[in-house]
Each structure stands twice: as C-alpha cells, then as structure tokens.
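Could you put the whole structure together from the sequences, leaning on the hints where they help?
Here the protein sequences line up with chains A and B, keeping their order.
Using this note's numbering, read the first sequence as starting at 1 and increasing by one per residue.
Using this note's numbering, read the second sequence as starting at 1001 and increasing by one per residue.
Think of the hints as simulated: they come from the structure by calculation, not from any bench.
Among these hints, one or two may not hold up.
To be verified - In silico BS3-like cross-links for lysine-lysine, where the CA-CA straight-line distance does not exceed 25 Å:
| # | chain 1 | residue 1 | chain 2 | residue 2 |
| --- | --- | --- | --- | --- |
| 1 | A | K158 | A | K94 |
| 2 | A | K10 | B | K1008 |
| 3 | A | K4 | B | K1011 |
| 4 | B | K1100 | B | K1090 |
| 5 | A | K10 | B | K1090 |
| 6 | A | K94 | A | K10 |
Claimed, not checked - Reference excerpt, derived from the structure (chain A facing chain B, CB under 7 Å, subset only):
| # | residue |
| --- | --- |
| 7 | T13 |
| 8 | S17 |
| 9 | S20 |
| 10 | L24 |
All figures in this text were calculated on a predicted structure; none of them were measured in a lab.
Beta carbons: idealized from backbone N, C-alpha and C, even for Gly.
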Amino acid sequence: MNDKTYRLVKAATNIVSGLSMATLIILGVSYIGFNNAFVFNNAGIAVTNNPVDSGQVNFILEGNRRHECTLTRVHSDAYNDATGESFEFDFARKIYLRSDDYLGSDTGIVDHQWAMPVPDGMGPGVYRVTLYSEFDCVYLLFEASKVQMFDNIALIIK
Amino acid sequence: MDKVKNQKIQKQVERWDLFARLTPTLFLATSLILVVFDVVPLEYAFYIGLTGFAITAVSWWWWAIFTIRYLITVLSRASSNLTDVNDEIKIVKKELEDLKDER
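Given below as structure tokens:
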C-alpha cells in the first residue's frame, strides 16, 4: 500500500468510524428516551356522567401519545372506601363513544370516550376507580411492553 | 530506557487509533445484524454497547493520565538536562576566554 492509498484508507475509516459513533450515540439516546417514556403524557381519565343513574359509566381519556402503542391488556376496578367493596369493570362490554383508537396506535393528541355498564351488584355510593393497562409500543427499531396506571378516578353511583 | 518506553507509548497510541477507527463500525454492523435477525434482543445489544463504552472510557482515561504523567517527567528531565548543558557551555566559554587572556 503506497502512502497516498494509506492516507485515503485512514481518512475513510475515520469518517466511517465517526458516523458509526454518532449513529450509536443517537440510537442509544433514542432507546433510553423510548424506554423511559410513558404511553400517555399529560393524560387523565375521568367519568363524564357523574353521578351515574343510567346503568352506564362514561369515561374520557385525554392526553397525548408520542409512540405507537397497542393495548394488549386492560383491567379496571372500582373501590368503595366506605364499605370496603370492590367491583371489576367488564371491558368485553365496552363501547366507544368518540374514538375507536384507544386500542390502536395513533400518535398525537388522544381524546377517547368509552362507556361500560355498571358492574352487577354495585350499589349507590362514591367509588375510587383504578385502571391498569398494558401496551406493546414500537418506535424505529425499538419495541417495549409498557404499563400505565390511572387511579383515583371518582365515580358516583346514584 | 526512555527510548524503549517512548516506542512502547507510540505503539499504544497506534493501537488506540486502530481501535477507535474500527470498533464503532464493527459494533454497529454486528449488533444491527444480530438484532435484525433476532439473534440478540435490542436490550442486550444496548447494555453490551454501554458496558463496552464505559470500559473503553475508563481504560482510555487512566492510560491518558499515566502517559501524560510520563511525558511531563520526560519533558522536565530534558529541560533540566538542557539547562545543565547550557551552564556547562558557559563555564567552558569563560575558561576559554580566561586562557586566551593569559596568553
């Protein structure tokens, strides 16, 4: 290898190495950002038809979502702190009121409304609802399973 | 002694240079292939990369500290020796002038 070729090879490997290092750093930082991100940001869930007297509880979820996430499992309970009773909501009987994307993967502003029947045997009173949801999220090459919980959602049954 | 150690440091610099030029590209290519073909989960590749980065950073830091310390020692010894030579030249010059005056 003559001197000119050696210099060219050295310069080329320097450039490729620099670009690789930059790619590794960008991918690493993006991965940490993706892994630590919540599914929903600035989000909250509320009951929109308190006090409930129709046998159907209407929920609203507002916030925004940065990554594409698909809901894989959801579970919600209502606790009555006065009586110590708890009731599980039946998500198989959920109907969407505004959007059908809660299960989907759109990013951006989230504004979903859905309704579920009042669980059997749930009497009048003030309840504290918790919602536990699991998602599979993807971003570029990355994939991660994430959990997001919402609690202290006030529900009044008339 | 200094010459041997200097050559050793020169070789170490060349090895660091080669390592810096090859490792990022090799690691990126290998991990991309392994992740794309599902041989290794992305999480493992990330932690292996992070560990390698940390080990390299610490090793390089200590190597740099020891090398700089050695170079400063060599430089200060060379400077001191030069001062001694300069002083001796002054003495010889003075002696030569004295000898010239005596004649």
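Status of each hint after checking the structure:
Of the supplied pair hints, the one linking A/K158 and A/K94 holds, its CA atoms being roughly 21 Å apart against a limit of 25 Å. In summary, the hint linking A/K10 to B/K1008 is supported, as the alpha carbons are separated by about 22 Å, within the 25 Å threshold. Our distance criterion of 25 Å between C-alpha atoms is met by A/K4 and B/K1011, whose separation comes to about 22 Å. Between B/K1100 and B/K1090, the direct Cα distance comes to roughly 15 Å. Compliance with the 25 Å bound is thereby established for this hinted pair.
The suggested pairing of A/K10 with B/K1090 is violated, with an alpha-carbon distance near 48 Å, which exceeds 25 Å. Restraint check for A/K94 and A/K10: the C-alpha separation of about 64 Å exceeds 25 Å, so the hint is violated. Below 7 Å, beta-carbon pairs count as interface contacts, and A/T13 has one with chain B at about 4 Å; its hint therefore holds. About 5 Å separates the beta-carbon of A/S17 from the nearest beta-carbon of chain B, less than 7 Å, and the hint is met.
Using the Cβ-Cβ criterion of 7 Å, the hint placing A/S20 at the interface with chain B is satisfied: the shortest such distance is roughly 4 Å. With its C-beta approaching chain B no nearer than about 6 Å, A/L24 sits inside the 7 Å limit, and its interface hint holds.
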